[in-house]
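A.B. asks: Chain residues, written in single-letter form:
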Amino acid sequence: MTVTTQDIENVATLARLRIAPTEIAEVTDRISSVLQLVDQMQAVDTGDTEPMANPLGEVQRLRADQVTESDQREAFQAIAPAAQDGLYLVPRVID
Amino acid sequence: MNWEMVIGLEIHVQLATRSKIFSGSEVAFGGSPNTRASAVDLAMPGMLPVLNEEVVRMGVLFGLGIDAEIGRTSVFDRKNYFYPDLPKGYQISQFEHPIVGNGEVTVVLADGTEKQIGITRAHLEEDAGKSLHEDFHGMSGIDLNRAGTPLLEIVSEPDIRSSEEAIAYLKYIHSLVTYLGISDGNMAEGSMRCDVNLSLRPHGTKEFGTRTEIKNVNSFRFVEKAIAVEYERQLDILEDGGSITQETRLYDADRNETRSMRSKEVANDYRYFPEPDLLPIVIDETFIQRIKDTMPELPRAKRDRFQSEYKLSNYDAAVLAANRTLADYFEGVAATCGDAKLAANWVSVELAALLNRHDVAIEYTPVSAEDLGALIARIKDDTISGKIAKDVFEAMWNGEGTADTIIDARGLRQMSDQGELETMVATVLADNPNQVAQYRAADETKQKKMLGFFVGQVMKASRGQANPGLVNKLLNQKLAG
Numbered sequence: 005m006t007v008t009t010q011d012i013e014n015v016a017t018l019a020r021l022r023i024a025p026t027e028i029a030e031v032t033d034r035i036s037s038v039l040q041l042v043d044q045m046q047a048v049d050t051g052d053t054e055p056m057a058n059p060l061g062e063v064q065r066l067r068a069d070q071v072t073e074s075d076q077r078e079a080f081q082a083i084a085p086a087a088q089d090g091l092y093l094v095p096r097v098i099d
Numbered sequence: 034m035n036w037e038m039v040i041g042l043e044i045h046v047q048l049a050t051r052s053k054i055f056s057g058s059e060v061a062f063g064g065s066p067n068t069r070a071s072a073v074d075l076a077m078p079g080m081l082p083v084l085n086e087e088v089v090r091m092g093v094l095f096g097l098g099i100d101a102e103i104g105r106t107s108v109f110d111r112k113n114y115f116y117p118d119l120p121k122g123y124q125i126s127q128f129e130h131p132i133v134g135n136g137e138v139t140v141v142l143a144d145g146t147e148k149q150i151g152i153t154r155a156h157l158e159e160d161a162g163k164s165l166h167e168d169f170h171g172m173s174g175i176d177l178n179r180a181g182t183p184l185l186e187i188v189s190e191p192d193i194r195s196s197e198e199a200i201a202y203l204k205y206i207h208s209l210v211t212y213l214g215i216s217d218g219n220m221a222e223g224s225m226r227c228d229v230n231l232s233l234r235p236h237g238t239k240e241f242g243t244r245t246e247i248k249n250v251n252s253f254r255f256v257e258k259a260i261a262v263e264y265e266r267q268l269d270i271l272e273d274g275g276s277i278t279q280e281t282r283l284y285d286a287d288r289n290e291t292r293s294m295r296s297k298e299v300a301n302d303y304r305y306f307p308e309p310d311l312l313p314i315v316i317d318e319t320f321i322q323r324i325k326d327t328m329p330e331l332p333r334a335k336r337d338r339f340q341s342e343y344k345l346s347n348y349d350a351a352v353l354a355a356n357r358t359l360a361d362y363f364e365g366v367a368a369t370c371g372d373a374k375l376a377a378n379w380v381s382v383e384l385a386a387l388l389n390r391h392d393v394a395i396e397y398t399p400v401s402a403e404d405l406g407a408l409i410a411r412i413k414d415d416t417i418s419g420k421i422a423k424d425v426f427e428a429m430w431n432g433e434g435t436a437d438t439i440i441d442a443r444g445l446r447q448m449s450d451q452g453e454l455e456t457m458v459a460t461v462l463a464d465n466p467n468q469v470a471q472y473r474a475a476d477e478t479k480q481k482k483m484l485g486f487f488v489g490q491v492m493k494a495s496r497g498q499a500n501p502g503l504v505n506k507l508l509n510q511k512l513a514g
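For the record, the sequence lines run as chains A and B.
Counting the first sequence from 1 gives a position; the working numbering is that position plus 4.
Counting the second sequence from 1 gives a position; the working numbering is that position plus 33.
So here's chain B without its partners, still in its complex pose (with noise of 0.2 Å):
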């Protein structure tokens, strides 16, 4: 039979606050442990919680961003639970009238197709602490600086029918987040997590099958392989005549597989009720018109301009906008040189190379969108070839100057002399009489194919600094005699 994967996410993202959401203690990653769990974050008796402003403008911010109905009165509940890292034993969070309804938001995939996904809504809630279960002598330890940092929980609708897709919509909602200044997104350090809902049905049919869920996988990487184990596992049951057990499951990034958390056997029942030590919030329409004044370009505006103004194809622009400074930079490049297409190229491929090959992220890019525009700008007025461009950008990010000064230093400026390379040509061709020969005595095609011998003799002699076009003009002149 023919399946069809069906997967819903639920992404949990840290806002980027300075304080907690319900008390005044600082929110950082790491620390030593509890020097930032205030007696609200312990749950100390009589504790009552007080709304961070902050995380209410944070949460409409996302809202209007995603072009979603925000909630006008919003009401936080209590989601009971037991877990020590949660010591008052539940959760605020929301439930009933989350700030974020429904919104929708359109990825772009790798061959350039664009996929709308519904997201159903988005939550505040506070985070957790952390637990840690080694040697304490039979007990656990429980660290809760973590807890009562803001979280804004975006559930998707079951749009995703692959893990490019859901890859790709994590890095739509990553880049958004980032855009808006809301998260710095690190997913290292657990500011964006992910727990992934998947089924399958037999493709055609409308009915979900039975799904499972797998809970915080916290990268990208992690999400795609999760995904394909997860799949594979419910393949081999259903194939084989089985039923899947709804059930929350862990990835396991050793062993590449997910397997169930037995602890959570007794189905969850939080027992939702409204938190009676809060009041609903109401947010009017000058709060949101003051939000939306202060919006900045978001990743979908910015790569349809990059398209109708610098004329990118779908996926470049997609690729290029997902990351504020990524984009800024593009622009700066573009601006300088005079070729949005070129530029696009340019950082997409040799500068996004460099700073994969050294681990650097764009913020600390040692070229500035300047000296890369400048240096392209050379390629375009004929002073250097486009490969001899590639060397003098490495020794431009090894910080040897700009590219005039390495051109100058090194002497690449491209031969366009046509009279110097009519004699390298003819040299060339008096070295190699057999290939003349052979050359033109065969037909069109392989004379196409034996052109190359040729010039790379003449890029050999010039130390490649021949100007290509004119070297397979001249060569083409010369060979047909």
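With the rest of the complex left out, here is chain A (with noise of 0.2 Å):
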């Protein structure tokens, strides 16, 4: 599988990634060098292989419902850049 510069770009806006357009050609092929591993691996038959979600080969733990957490709002919004009554402000979003 192959990527093209448009491709980075496209990821790249999506992941709030800056790339400067003088890297997005090194940054395309090292991408599809990777993807290229990822070709090779896929032609390894693995029809007698179990799918592994995970490498720990372990499931889940799960807590009880209980609440364990306190109120610590004025600790966190200490080290916030901004809050105001209570809310952490951040850059206008508006849908």
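Keep in mind that the hints were calculated from the coordinates and are not lab data.
Treat the hints with care, as some may be off.
Unchecked claim - Distance windows between CB atoms, simulated:
#1 8(A) - 102(B): 36 to 44 Å
#2 34(B) - 66(A): 51 to 59 Å
#3 59(A) - 77(B): 20 to 28 Å
#4 166(B) - 45(A): 45 to 53 Å
#5 261(B) - 59(A): 46 to 54 Å
#6 329(B) - 59(A): 49 to 57 Å
#7 45(A) - 320(B): 45 to 53 Å
#8 190(B) - 8(A): 18 to 26 Å
#9 50(A) - 167(B): 18 to 26 Å
#10 35(B) - 50(A): 48 to 56 Å
#11 392(B) - 22(A): 49 to 57 Å
#12 320(B) - 50(A): 23 to 31 Å
#13 219(B) - 22(A): 38 to 46 Å
Said to hold, decoys possible - Coverage of chain A stretches by chain B, computed from C-beta distances (three or more under 8 Å per stretch; other residues unrestricted):
#14 15-29
#15 69-78
Note that the structure is a prediction, hence the values are computed from the model and not measured.
Glycine residues also receive a C-beta, built at the ideal position from the N, C-alpha and C atoms.
Put the two chains together into one complex; each comes in its own frame, and the hints tell you how they fit.
C.D. replies: Below, the structure written as structure tokens:
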């Protein structure tokens, strides 16, 4: 599988990454080579292999439904860049 | 051209747990901003999610409630997008291996017909916080109290063909989740929110048209209205030879219109991948069996039982079975008065009207099922007429006592004494000689209509207490001359 510079620009936009125009070509090449490695691995016959969602071979342990956290707003807002009336302030977002 | 509407619904249900899905913060509606937002909910560096057992149990319970396959190995994924009400930059959701697979529900429409609606899947995820765009000096305010509230997203097949079906389906899911006790179902507080996917296609064709998605419609009435206006909008475009743009739209209740959410113009590409901070959830037979053992009788089974046990119509049975408290109340009334049909009528007409008028939920009705049953028993034994019973019921609602004490206090016992009524009928006939003459000269059809006049006069003379069946009988005899 190969990717185009346009794919990389698109993914960078979605991931909020800034890639300088001079670097696009190099990033595209590097990601393409990773994807080629994936292609190579895809060629392996895994018919008898159990799919692995996680290398630990464990299953998720669950937590009892209990409230264990108390209000620490003061402490969190003391280190926030901006807060007002108990709200965290961020650059304006409008739907 | 004749167009057919095709609808699929995505319903988000907030699960009624004590704590959040991945943190020990309390789940509650409202409250002072960010007082229930822990380091995990704020996405502080290094924080890890720990899954709440109760969320898994509720997901499985819902799956069993719609006879769906339960995902024995269920996996969480990251759905990536940037919006400050979700500070991690992704939502933990489920993509390829949801907890609930294919299922189906049957809803009953007003005309009594049944409709099967498929459920593609239901998956677990976390709710986002809230953004406030009021005046914060050009900034937005973020409240993360809601962030991390467990959600079950229920995705229907595009099986819905009208807004009536959409509402019936939504109400069914609402009654199911409240029966199961997995959500409080409070739509006004956002415990149940609905996205509507809607498209049109020429009648008789198989291929789907281009759809739009109307986000976050939060009441039954708004769902109905949003569907109506979006249908008209798409119809106008298609009839003019135009084409529909696939997009996300918002329903504006004040203007009763849908409009495009322009900020989401960039095609959504969530780049899902398995959540590396959580292991797969493995659900075994013992766990499922334990949940099965706690399953209450569900709306559908109750509805079927009401039909077979009490001989109610399909629709009456569905209305009464839709709400667990209402269903229990009805059964209490039926048991006390011994007439299920009459009990069903009183609960779904007279009681419902008073609940509605006073904006009271069935849980808080001032008249107990036993007391209403006792009132109906007085209609059955001819102590009072159905009409008088309505007045007595209002008095019971206002706390004036039980049926019997009110009937006695107001002297409402029905007059069934033949001699007394005969005198009354004779007086009425003597007082209205012209009408009697006209009646006797008229043909049978006209007579039937004219009889009402005499019944009315006798009822008036008895202050509404005459037994109407007996009055009719006596009048027919006397007028026949």
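A.B. asks: Checking each numbered hint in turn, tell me which of them this model violates, lowest number first.
C.D. replies: Failing hints, ascending: 6, 7, 8, 9.
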